[in-house]
Each structure stands twice: as C-alpha cells, then as structure tokens.
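Protein chains: 2
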Amino acid sequence: MALHELHLIEYIAKQAASTCDSSVIMGIGDDCAVLQLNQDKELLVTTDTLIEAIHFDLAYFDSFSLGRKAAAVNLSDIAAMGGTPRWAFLNLAVRPGLSKDFLSTFLTGLFAELRPLGVQLVGGDTVSSLKELSITLTLLGEANRHCHLTRREARPGDLIYCSGTLGDAACGLYWLQAQKMQKKRLNMPQNLHFAAKKAIKRHLTPIPRLALGKALAEDRLANACIDSSDGLATDLAHICSQSGVMAQLDAKAIPISRASRLLCRALRLSPLKTALTGGEDFELIWTTPPQNEGQMRRTAAAILGHTPYKIGRILQGKGVWIAGKDISYHGFEHIF
Amino acid sequence: MALHELHLIEYIAKQAASTCDSSVIMGIGDDCAVLQLNQDKELLVTTDTLIEAIHFDLAYFDSFSLGRKAAAVNLSDIAAMGGTPRWAFLNLAVRPGLSKDFLSTFLTGLFAELRPLGVQLVGGDTVSSLKELSITLTLLGEANRHCHLTRREARPGDLIYCSGTLGDAACGLYWLQAQKMQKKRLNMPQNLHFAAKKAIKRHLTPIPRLALGKALAEDRLANACIDSSDGLATDLAHICSQSGVMAQLDAKAIPISRASRLLCRALRLSPLKTALTGGEDFELIWTTPPQNEGQMRRTAAAILGHTPYKIGRILQGKGVWIAGKDISYHGFEHIF
Chain E
1 MALHELHLIE YIAKQAASTC DSSVIMGIGD DCAVLQLNQD KELLVTTDTL IEAIHFDLAY
61 FDSFSLGRKA AAVNLSDIAA MGGTPRWAFL NLAVRPGLSK DFLSTFLTGL FAELRPLGVQ
121 LVGGDTVSSL KELSITLTLL GEANRHCHLT RREARPGDLI YCSGTLGDAA CGLYWLQAQK
181 MQKKRLNMPQ NLHFAAKKAI KRHLTPIPRL ALGKALAEDR LANACIDSSD GLATDLAHIC
241 SQSGVMAQLD AKAIPISRAS RLLCRALRLS PLKTALTGGE DFELIWTTPP QNEGQMRRTA
301 AAILGHTPYK IGRILQGKGV WIAGKDISYH GFEHIF
Chain L
1 MALHELHLIE YIAKQAASTC DSSVIMGIGD DCAVLQLNQD KELLVTTDTL IEAIHFDLAY
61 FDSFSLGRKA AAVNLSDIAA MGGTPRWAFL NLAVRPGLSK DFLSTFLTGL FAELRPLGVQ
121 LVGGDTVSSL KELSITLTLL GEANRHCHLT RREARPGDLI YCSGTLGDAA CGLYWLQAQK
181 MQKKRLNMPQ NLHFAAKKAI KRHLTPIPRL ALGKALAEDR LANACIDSSD GLATDLAHIC
241 SQSGVMAQLD AKAIPISRAS RLLCRALRLS PLKTALTGGE DFELIWTTPP QNEGQMRRTA
301 AAILGHTPYK IGRILQGKGV WIAGKDISYH GFEHIF
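For the protein sequence lines, the chains are E and L, in the order given. Per our numbering: the first sequence ends with 336, consecutive numbering throughout. Per our numbering: the second sequence ends with 336, consecutive numbering throughout.
No wet-lab data here; the hints were simulated from the structure. Some hints could be false.
Identical chains share a label here; the pair holds if one copy fits it or two copies do between them.
[As the list claims (entries may be wrong)] Each computed DSS-like pair below joins lysine-lysine, with the alpha-carbon atoms no more than 27 Å apart: (1) 201 with 41; (2) 14 with 318; (3) 325 with 252; (4) 14 with 325; (5) 100 with 131.
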C-alpha cells in the first residue's frame, strides 16, 4: 500500500462516516464491511466499472459529474430491479497525474448522488494504476421478498413502456466528441446551444429512476424491467431473450426530444436510429400487461411528472422488431 | 457494450451457473444479483482491485494462478473477519491482446478457489480497457450475529499471534523480478531452486486461512484480527491505531522460513526486514487474551497442522515496536 493510498482511504473514510447509520456494524477501515439486513428482505447487488477513455473522457468530463455518474449508473440498476439502494463500495484505481482536487471533487459528486438517497459508502479499495483511471462502484440494495423486477417475466400481450426520451445522452456524447475534435466550442445558433446543453447534461449526469422502479415493483405494475444503458435495441433484446418473447416497436412512438432532433440534424444522424441504439439514457424500459395499463400510467405519471411513453408490444417469437427489421443488440459500444 | 463483452459475459455466466444454489434468487444476467440471506446473520462485504503491472506482472503470472489469487486475496479478508464466504462478483476490464484462452484459464483458476468453498459467482461487469487488465472481485460472506473479528478490539495484555511464516511471498516476488531483469531463470544450486519454488508459490497462490478465522471468531479466541496483505509492520499498525494500543514485537520470534532465509541471503536482503515489511503472505495476525491462549493454541494447531507463532504482545501506547524502533506502516508498496 502506497502512503498516498492510505491518505486517500482516510479521506474517503472521513467523508463516508457521516453517511452511516446503525445498519452499518462496520464500515470503512476493516477487512470487510459488516451490514445488518432486515429479515423478509432480499439483497440486491450491482457493480459497474467505468474506465477512462472507454466510458468517460476527461477532456470533457469534470470530476464532479464523473462522481455523480459513477453513482447514477449503479443506482439505475437498482431502480430497474425495483429496489432501494442502501450501501456502496468504491474501488478506485488512480493513475499518476490526477490531482487531490480532482479526487475530492469526484467524491463530492459521488456523495451528492448517494447522500440524498441515504446510501452509505461503507467500503472499497484504493489502488494505484499506471495508465488509466478506473472506477468500480458496487451497490447493495434491498427489495421486499418476492418483490423485485427482472428481465425474464415479459409475456406476450404486454405493452412496452419507457420513462423518458431516448437518444439524448448519445447526442450529448456525440456533440462533446465533435467539439473535442474541433478543439473548440462549436459555433451555433442559440436554439442549438440550448439543445446541446440539455443533451450533454443527459450524458454527464443521468437521473436514475428509483421511485418509478420501486412503484412498478411494489404495486406489481410491470412484468419485466431494465434500464436503458446500452441502447433500446440491446436492452430490450435482453428482456426478449431472457423472457423468450419478441418485441414489436412502433417507430412513430419512440420518444425523441426536440433537442435530440435538432442535434441529430446538425450532426447528420438519424434521430430514430440514435434513439434506438444510443446508450446511457438510463431511462427505465418495462412491460406491463394491458389490464394494469391504466393504473401503471397514473402511477408513473405522478412520479415522472409526465405520462410514460408506450413504444410497442410484446408478442410470441424472438428479436426486437421495428419497421420489419430485427434490430436486436444493434447499437452502442462503450469504445471511443 | 461491445459484442465480445457479451460473449465473455455469457461464458462467465455459463461457468458460474453450476455453482449456484437456492440462496441465489437471481444470478448473472439481470441488473442486480438477488440474494436471500438467513436471518440472524450479518453480511460481510469485501472488494479488492488488482491492476496489471501494479499488483501482478504477466511476465511471470500465469492466468490460472492470477484467477486463484484474485479469489484468495478477497477470501483472506473474509477469513480475517471470521466469516463464511458466500457470493462473488467479478469486474473485469480487459485490454487488447489478451486471448480467449488467457481469460478462460483465469476463470478456471478463480473457480478452482471459489468452488470448493461453495462460493457462487453471481454478478459483475465486463468491460474493455485500452491499456491495463484490471480485476475487481467483490465477495459477500456471512457471520453469525455479533460474531465477527475486527481490528479495533485488541487490548493491552493480549498476545500477538500469526498463522504462518512471514516474508515468503515477498521473497517469491523479488525472485521473480530478479529473474525477469536477467531475462532468464537464475542459475542456482538445488536447495535454492526448491526455496525459490516454495516462495514463488506463496506469492502466486496464497492460501486464505478461512477455517482458522472462523474458529477464532466463533469460539471467541481472538480480540482483534487482520490478514497480512501489506506486511506485518503495516497490518499490525492498523490493529494498533484502531484499537488505541501499542504492539511490542519480539524480533527472535518472528517466524521466517528456511526458504526465505536462503533466498534473502542470495538476494542480499535482511530476512527479518523482509518478514516485517513484505506483503501478500495472507497469513492471519491476531491478538488473544492470555486466559484464552491455551485453547486458542490447541484450536489453531488442529486447523493449521502446526502451532501458531507467538510474535509479541499488546501494551498501552501506540505504534508497532521492535528492538526499540517504531516500524508502523513501514513496508510494502504495490508498485513495481
């Protein structure tokens, strides 16, 4: 253990201590964290690794947003299962050249996301790397027994819904990349400027749909659920293959924001294709049996502040179909 | 998600499925793993990241041993808390140039360590990296309620014990590094050859002391415990600082193997200094009140096959002292 690692651990431990309640029998500073789970609960565990130059580019990712995003992508997995996040573990591999300030702002961003949800940082590992910053966050959450959403329960007849517009985060990413290649902020009219700002925000600081996931699970309003991390074509393909069903999407119903349309035109991209294949929107995609549709729509609208989007239907068969074409697994790759 | 990632996940999922029992409500293949914990149990969580060229060098680490070691270093943390390991999560960041064969042998090594213990691989994340292989394993385990060992309960008067010889893994590492620098196997007499083989094995495939840790915890035979991952001087310093006590080590009692003495002589190193500061032996270091010493020695000897080593005593004060010198936190850095 290098000495600066020890300091970093101490710093993290100090920041984390203020988030801990009595469920944490032992937090940072021992060989393991020791946690007390209520009975009648199931434990949910998710873990995501973000690698520099693969999942984020420090040319345009500020460390505060990076901290928020590391938390958000994991929180989104808990949301997709309908659970409540409880404890977090942070593994950081820090390469030379990253300042103390960078790391502390990263942590501030992480806590900005975790603290309002009552998620406690209780462990992890801090190591040196030579060339790449790598961030692994592991989240433990809980769900009531037999009350979590999976990818494998979609049934023919189910309606496919999603919680927000798709493709925005990808547009934000493409815009940032275009800016970087030109080594300057792109000159653009005011409306494009606002659109870019919105889309970039979707890429940098996605919002995990925790309240919605929980409501869908606890009120039994969804059969299957996933979060849109790898793009609709891929994420929905997971539901279809694991449930043994087919998804029929309605091209006209795919929700695309005005911002996304504007940016796609400027970038010469198809807005629909971007919505189908662009990743990291972290919206929920779920299937609901028709008899639950009314209640589900009311519940979701109350949480989201807008009606959720009906984008298609589950049928017997396999694949993810739109306009006569199977687009399963088309899409997003986390490689720049 | 790149397509080869998808294949790797499927491969891992297939390998992992055979290890899963009814505690795993949902394993690999959804947003989170869903686990069923018994009541009256505490949950232990530990996670370790190993980075290429920092924690391991593929010049001499074969992928099978690397898989075993990734498991062992985490299992050792569960051992140090006196727990039983249950579920594992593997995060792999795979750089270009690593073959399918390398990865599958790595997994075989990982399972060779996990499967005999009944530990089930139930989740993780598989991503691409550009430059470094990075491995994060997260282990969940359990302990009976109020029955885990910590670093913070050492008391003045306690005797300090360890489960095996110290410095061997460091000798193995130094030997491997010396061989690599000379770009060949070192010529050496037969006894040195055997010594090097033994020490290298200690570095490549350490043995987590799970049965011992569990016995110390459940029979309440230890006050504090840690595993020797960063070297005695550092690991014992953690116990001392967290317990608010001082450790007085007996230089003559530090257990050093014959192999380690031979190699240290050849490498012109001090065997004692290597034992005090060399990391990654993954022996347990614990403190026992004098009244429990007899029973502890019998229990430990029955498990280890040899009597554990008494290496010092806990006193009032602070620091880790040997021969009039405070050696707290001296030692091992995971940087080549």
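Worksheet item: Which of the numbered hints are not met once you compare them with the structure shown?
Response: 1 and 4
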